[in-house]
Amino acid sequence: MPENQGQMILEMTDIDKTFPGVHALDHCRFDLREGEVHALIGENGAGKSTLVKIMTGIHSDYTGDYRLFGQPVHFKNIREAQEAGISIVHQELNMMNDLTVAQNIFIGRESNGFFCNDKVINQKTEALLKDFNVDVKPTDRIRNLTVGKCQMVEIARAMSYPATKVLILDEPTAALSEAEAEDLFEKMEQLKARGVAIIFISHRLEEIKRVSDRVTIMRDGQYIDPLNAKTCTIQDIVRLMVGREVLEEPKAKSNVPEGSPVVLTASHLKSNKVKDVSFELHKGEILGFAGLVGAGRTETMRLIYGADPKDDGEIIVNGNKREIHHSKDAIANGIGYLSEDRKRYGLVLGLSITDNTVLSSYDLAELHKGIFVNEKRSAEVSENYVNQLKTKTPSVRQLVKNLSGGNQQKVVIAKWMLRNCDILIFDEPTRGIDIGARAEIYNLMDSLVKEGKSIIMVSSDMTEVLKMSDRIVVMCEGRKTGELDIAEATQDKIMTLATKYQ
Amino acid sequence: MKESNGILSYLKGDALQKVIAVGCLVVLYIFFGIFGNHFLTFNTFVSILDSSYYIGFLAVGMTFIVITGGIDLSCGTVMVGSALIGGVAYNVWKLPILLCLVIVMLVALLFGLCNGLLVGKLNLPPFIATLGMQFISLGICSVVAKVQTQTYPSLKSVDGWFKQLIYKNHNFPVGAIWLIVFFIVGWILLNKTILGRYTYAMGSNEDAVELSGIQTSKWKMLVYVVNGFFVGLAGIIYAATYSTITPQTGNGQEMYAIAACVIGGTSLAGGVGTLSGTILGVFVISVLKTGLLSMGLPVQWQQVLIGVVVLLAVLVDVIRAQKAKRT
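Quick note, the sequences are listed as chains U and Y, same order.
No gaps in the numbering here: position 452 of the first sequence is 1838 in my numbering, and each next residue is one more.
No gaps in the numbering here: position 300 of the second sequence is 722 in my numbering, and each next residue is one more.
Hints were generated in silico from the structure; no laboratory data involved.
Do not rely on the hints blindly, as some may be mistaken.
[To be verified] Simulated crosslink set (DMTMM-like; lysine to aspartate or glutamate; CA at most 25 Å straight-line):
no., chain 1, residue 1, chain 2, residue 2
1, Y, 640, U, 1752
2, U, 1659, Y, 739
3, U, 1573, U, 1469
4, U, 1656, Y, 632
5, U, 1573, U, 1417
6, U, 1669, U, 1622
7, U, 1707, Y, 581
8, U, 1595, U, 1575
9, U, 1656, U, 1644
10, U, 1535, U, 1622
11, U, 1714, Y, 632
12, U, 1755, Y, 739
13, Y, 543, U, 1469
14, Y, 640, U, 1417
15, U, 1439, U, 1412
16, U, 1551, U, 1469
17, U, 1787, Y, 739
18, Y, 640, U, 1761
19, U, 1787, Y, 632
20, U, 1656, U, 1412
21, U, 1729, Y, 472
22, Y, 640, U, 1635
23, U, 1616, U, 1569
24, Y, 614, U, 1761
25, U, 1886, U, 1469
26, U, 1836, U, 1769
27, U, 1656, U, 1622
28, Y, 614, U, 1766
29, U, 1714, Y, 629
30, Y, 543, U, 1417
31, U, 1656, Y, 629
32, Y, 543, U, 1869
33, Y, 543, U, 1715
34, Y, 614, U, 1752
35, U, 1661, U, 1709
36, Y, 614, U, 1749
37, Y, 640, U, 1709
38, Y, 543, U, 1826
39, U, 1787, Y, 472
The structure displayed is predicted, hence computed values, not measured ones.
Please put together the full structure from these sequences, using the hints given.
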């Protein structure tokens, strides 16, 4: 067996890490041998990135035992980890686009003195790139390189630290073309042959099977024994990824009455991130949008809401084709959007509950007198929603930034209820919200559809999708890869569709 | 640790900044009262008011802009430029003085609209857009005036009534009343109208406002027009106060307006600020200017001290924010 040959270089046992409200890693384990490719997979939020951040010194407040080459270590920052031999290539490449390849690779190590000499680092870079057989010049500007080339430069940079024995690649193929990915796999083989151990994070099960020796699956911050990548099947991996204890009962069957009319039709929506997506939403339905992060679900919603321009496609509301070029057009057609990033796109944190509740409704007759805000009425309206939605706050004058996540979400919901929006897009409605408030949001969504409103719910949380949806659309790489009725949907089926890469 | 920042932690944000500004004003007053010559006299008080008028109007307009997260570098040159063109209307085109004052307002509003179009519609960064307009207004207004100094009628002349109405009547500081009146107009606009609500909202989180179905481009443009209105008022009172308007001047005055906002607790990051704070800031600057003069110190020391006050005002806010972050 290949995985038994190498010497153990990295061992983590009993690693525990908590964020406010989230137990990110629950007595987690991980080990790595010399010269192996060890894949790390799991759903979004399973704890992969937290584990990697501990490995590389980004998080230093954790408990547990971490050994490198048999010695116990506790890195306080990235530099310490790097000097000890651990380098990471992040999914989001952190490069200085206007500097050259050589300047990027040697940033922070330009020279020992005050002056830096591009000639020296260019020579060093030249040698490094030649060694890896990367076809770029040290003097090329990063801005002019393709993503694939940038990735190679990042890897070259990681390997330019003489100590590097562990290389972490975080979703390296996410943005690569097939040919570029092939190129990357070749480089990985090359590094393996030199004894470098690679931690390979990916959602693409096919390529994991192809390039890795062992696979560790993470689930809800817990560790499951690694599989031998050469002997296991993709079904084994999928089963282990999703097979958690059922905390929430999934919905058994659709609650939408037979023959309920279609309220929203999206047809052939296209943009650079959305590839020809079509679907229908019925009155009183919760339509779940499942998929992994980056599947293009939020981008699709932003097209419907008019937040981003679309290249092509039609939006039909209640049977009439509508031109939606700005969020105000969407709102005029009764579409409200609850962003996945409440703090950035949903709320004005520095303003009060009242101001946020009425923010998009000043044009309603009752809320203004000429150019003046009707403050009394605004406060009354907000007060009503605070009572109705059981928002916990001492007063409607409270600034939204002082509320908890769940109560902030209720303020956004109140904003769209006031606008009387019949179609509500909930993008990750319970992200960052604790369990108790989560149940309240679910109840609220249920009562909204009972009143005849229709909901599109984008969620990366599989249990949430199965608990709330009447029907599920699954997306992958900007494409709609399937549609499931709740009666036939299972975690395995969704995961298979969500990882259907081309 | 807890003991030492006890008072600071009771007062939050705006309130603290205002207490500091008031404290600063009181301390300066007492200081100049002791060390200055004839500082605690009616005449000195009037001259403190006199030097606060045009900065006051500029600062009120600037407060709106800064709360949206923007800045206006052109207001000083537009103020002088519009007064200059008003002077041309009076001296060269021989128009009645009332119409000339209307022209001053129109010129300033036009520049406000240009700033608004550049920032709101074309999405230029406010710093760049208004820097460009600073040069343009400086140049164009001088060209219109053929680089000639323009003089407004003196107090005693036939058309001098406008000075009595706007600036001073038998040594009574009428300008102060106008400043109060338009401060209240600005306050109502900022605190009671939809425009004001959107001003704070855009400065706090423009993305969220846009996604609430509000056309931020349109509203931001409007804020710059409002600023243009206050710059126009500043231009009128500048003409009434100084009578002689020299072409190619005015740049640098915008910095006093920005300083007044900052001393009063308006954040250059946007979203936070009050007009009452700004007015306090204006008076801190005026007291400094007049007080140092009464001590017989050269003008340059005003600049040094205004710089120190601006730095102190922001430093206190930064330290408080850092402390709040840590706890």
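Q.
Checking each numbered hint in turn, tell me which of them this model violates, lowest number first.
A. When the structure is compared with the hints, numbers 2, 6, 7, 9, 10, 12, 13, 14, 20, 21, 22, 25, 27, 30, 32, 38, 39 turn out to be violated.
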